[in-house]
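Colleague: The residues making up each chain are set out below.
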Amino acid sequence: MSTFAWWADAGMTIPLARLDFVRSATPGAVDASAWFGSPVAGKQLQATPTPGTTPVQVSLVDAAAGSGVELADVRLALSQSGLAAATPGAALTLGTTLASGSAIQVWARINSAIAAVGNYDDMRMRVAATVETDA
Amino acid sequence: MSDFVQITPPGGIYRLGAHGIENRWLVRTGESPATLRATANWQDFETATLPPSNWYGLIDPFVFAADADGWMMASGDLGYAVSTDGALGLAWAPSPLTNLYPGAATPSRGARGLHAANGRVVAVSRYGDFSVSDDRGATWVRKGALASPSDVENLFGVLYTGTHWIVWANSTQIAVSADNGDTWSILTPTGQRVRGVAYSPAGWLVVDALFRAFRSQNEGSSWAQIAGFQISSQASVHGRVYVIDIGPSPTVLRSSADLVTWDVVASPSFAGGSPFGVWGGNNALVVRYSSGAYGLWQIGPVPGPSSDIDLPLRLSVQAPAPIDLPLRLSVGTATAATDLPLRLSVLASAVLGGLDGAAGWAAAPDGLWRAVVVLGDDDISDRIGPVSVQIAADAARTAAFSFRPTAALQPMALIGRRVRIAFAQAGGQNAQAVFAGVVDVPSVDLQTGMITCDCTDQAQHVWSNTARADIDALVGGRWHVAVSGEPEDNFAYLRERIQSVPASWALDVQQRPRILPWRSPARTVTVRTADVIDGSLAADLPSREQLRSRIVCRMQYRHPVLRYRVALAQYSQPLGFFLPELGAGTPGPSKQWLTRGMVESATERMPGWELVSRSVEHPPARSWLLGSGAVYSISPQVAPTLALGFAARYRARWRQAVTQDYTLTVVWPWLESQLPAPSSEEIGATIDAPFDVPGWDSDPTVQPLGTIDAPGDQSIPWHPIGAAPADRDAAIGTLLDRAWVRLWSASRSGRVRFALPCRPDMWLDWRITLEHAALRAAGDVVEIEHTLDNQTGEATTTVALAVGLPGNAAAAAPVWPTIPAPSLVPPPADSAYSFEIGTYVGGEAGAAPFDEASMIGFATNIETPVEGAPLYPHQLSIRAPALTAADRDPASATVRLNIAVDVPTDLLEIPV
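Chains A and B are the protein sequences, given in the same order. Each residue of the first sequence is one higher than the one before, counting from 1 in the numbering used here. Each residue of the second sequence is one higher than the one before, counting from 1 in the numbering used here.
I should point out that these hints are in silico values taken from the structure, not numbers from a laboratory. Model, not experiment: these values are computed from the prediction. Using N, Cα and C, we set each Cβ at its ideal position, and we do this for glycine too. Possibly wrong hints are sitting among the right ones.
[Claimed, not checked] For each label pair, taking beta carbons as the anchor points, the in silico distance ranges come out as:
| id | chain 1 | residue 1 | chain 2 | residue 2 | range |
| --- | --- | --- | --- | --- | --- |
| 1 | B | I533 | A | A63 | 38 to 48 Å |
| 2 | B | V374 | A | D31 | 22 to 32 Å |
| 3 | B | T406 | A | A64 | 30 to 40 Å |
With the hints as constraints, model all of the structure from the sequences given.
Modeller: Listed below in structure tokens is the structure:
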């Protein structure tokens, strides 16, 4: 099991099980961030098929395309100021080799036209196809 | 194509530097111990004297640079040195600097990469900092830092392409300057660590940690990988790039000017095995082969004077040696997808709206609430009692709830279990998270069987685990160890640093660290009388004891000044003094001579002074015809033993402690005018610069040496790393910032409290204007308590606002004036540089009795003393100038300054 995970804080103290966005029924953009990394010393994460060359990416997965939050509603960036220029629905590259010990902050913006009151859980951020080795 | 000749540097080449003038090379041969050699023809090698480092011994030569005036060298951390014999490179002087990178997080007195060109020297440290010098390394200006360098010795470097400087440090970043080092850009060419850089007139080459080669033909704006290359070493020579490609068969390749086409440079016949390393310079290429052979190839015109230089050729036939390339298979952990679900919660606008000072607002539209409490993975919402959540600025968020377990429970197992609390409408919709954390203290009511859990959001733990760099980025502001001391953990560091900015800290509802600037709300609302629960309004006004109208900032900066003084002992008499018959006027009796022995004895040892030079003036060896008809002769054997005079130069050095004492008072004049007397408190810091050079006081050869030679004084303030003027200024800036924030925090110590129907979305980033019939106030939310009590039916939010002094006016953070540094070392009198040497003649009429104590100088007697006249001992004594108390005693100077500031005020009034 990988030691790399999602966290609420840069110090990787509080594991994050879900990233919440809250707004009123008036459509508008909401931003939130999470941290991705491993607190275990001496590890690194790379992506397959060519570890060290293939970029490690955060992609968006819509479990219910056509309802709830859509891919085009979500932007990802490494800074809050970078969200405006991010391509909606596009994956975010974190690097080709992620070293443990320091986390990367990932910002997400949901700008959806949903007006009906409720919780919409069909979207997730995913880091996949990786291999963790000793640095 | 190969034009190599074999060279045999003694001990092999460990490091190589080339120089354009006189076609000389500087070579460090052998790895340990280091030997520094210079050569112009690769046959004759001269051994240089390695310079001492500042503190540890010999500088271990590692990198070299050269300009028209000579050489420079440096090693990783041991020091920087400049040749004192121009291009020869055999004699060196170490730099006294202890840090070539002012302002760097980790100082260094050496360099891993060094280059001189275009009137400048650029160095890069093992920590990735890089600096520029305009005076061959006497002074440096740090220009930036490359992120996270990996300290592998030969993978750092600096070069100048003719238009651009390039610095690399085995980091993913390189630094580039197009204006001769004034400004720099940070580039990330490949995403991997850059281990080497080379250039040609039309392209740059970087080699990264995967041995890949990338080319840029637009000065670093974009990079394209040169496929099929595996580069281990590279050099730039005469407009071409030479590399060693360690692909299937290691080969030296030569590029075209645009780095597009590559030719194979065939290995010479004397080379055994594969090419192993390549260096370039002086329009020549040096290649080392795995057999240990070296080849030199002169490429292009040779600079310097033209002359025939014979280089014997040697053919060495050696048996081929096996070349192994170890393979490594890394087996890692294939990871499953690491998902983070996203939840978009859309709440009814009425739930989040209102509080606009107009009509009523819905809160829970049906007025019915339920708490949703998840303990670990269990939803215990249907078994809970009262729930309360407490939120405060600069404090952890806490919560308390009670519940009845449905099965046997070990209360101690609750400690640390995760807790999530949300308040929702009775039907479960519009749930709003109000708490996330862990159980801190469980307790049991044995009468009722109810378990009560006191919970915390672990704020201290989260901040302790947050890196200081992240805290600095969040908070801004300033911090200095002289002001705060070394904090025990990063949470303590946060609480110190945040005192320099007008802000509070807290974790948000998802336990993410947040900084909340005062008077800079994310949301501003208005609360009316009708919104406030009757009887809940209360106000605690700031008391005079709590207010501060001035903060006195005291700063003492103590450091030694290294004092050097040169003084002159000088004495001279004409020949006619000793032989009046040879002088002008009426001849008198001759006198006993001053001798060379007297001079040497009197000048040899002078306590507290070092004899630097001494010269004696002798009378001529000749004969004189006296007026009386006699002949006076000084033989050649005697003349050197006599003295007409002498000059001896002495040097003394000592340390003087100086203290700069600052009293800077930050005053809020508006508040002071309101108070009967100033209300003040004092904050301060002290920086003591240690002097940690053993033996300096007693051994005049210990660095740093003074450079003064003529009579006079030299003062060198001692500013070690961490106790330099920049540290003093940083500490003063920190004190001033904290003073202004302290004035503001003291003024906003008032609290206005009230309760309103439950408002779960309220947080510390709100600013509330209260328009109540009994009170008008505006302030930041600093305390919140949400209470849902299913036994009493209470569903309230209690709020406390931080309210400052009335005036409702903003005020910008002050811009501090430049604080002048006092000058402390007074100039001495001219008499401080001269020795006392008088002239006293005994045996003549009227001579006073000899006084050993006061008659300091040359004491002599006339050759035919007058009867009864006192005779003096024939001797020479000299007295050195004394150091005055002002020279030696600790000195101090005071700077006092009052600085007026403005502090924001709030709305606070009682309506009529």
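Colleague: All hints are to be evaluated individually against the structure, with a verdict given for each.
Modeller: Hint check:
1. Roughly 44 Å separates the CB atoms of I533 of chain B and A63 of chain A, a value that falls within the hinted 38 to 48 Å.
2. A beta carbon spacing of about 25 Å between V374 of chain B and D31 of chain A agrees with the range 22 to 32 Å that was offered as a hint.
3. The supplied range of 30 to 40 Å is met by T406 of chain B and A64 of chain A, whose beta-carbon atoms lie about 34 Å from each other.
The structure is consistent with each of the numbered hints, conforming to all of them.
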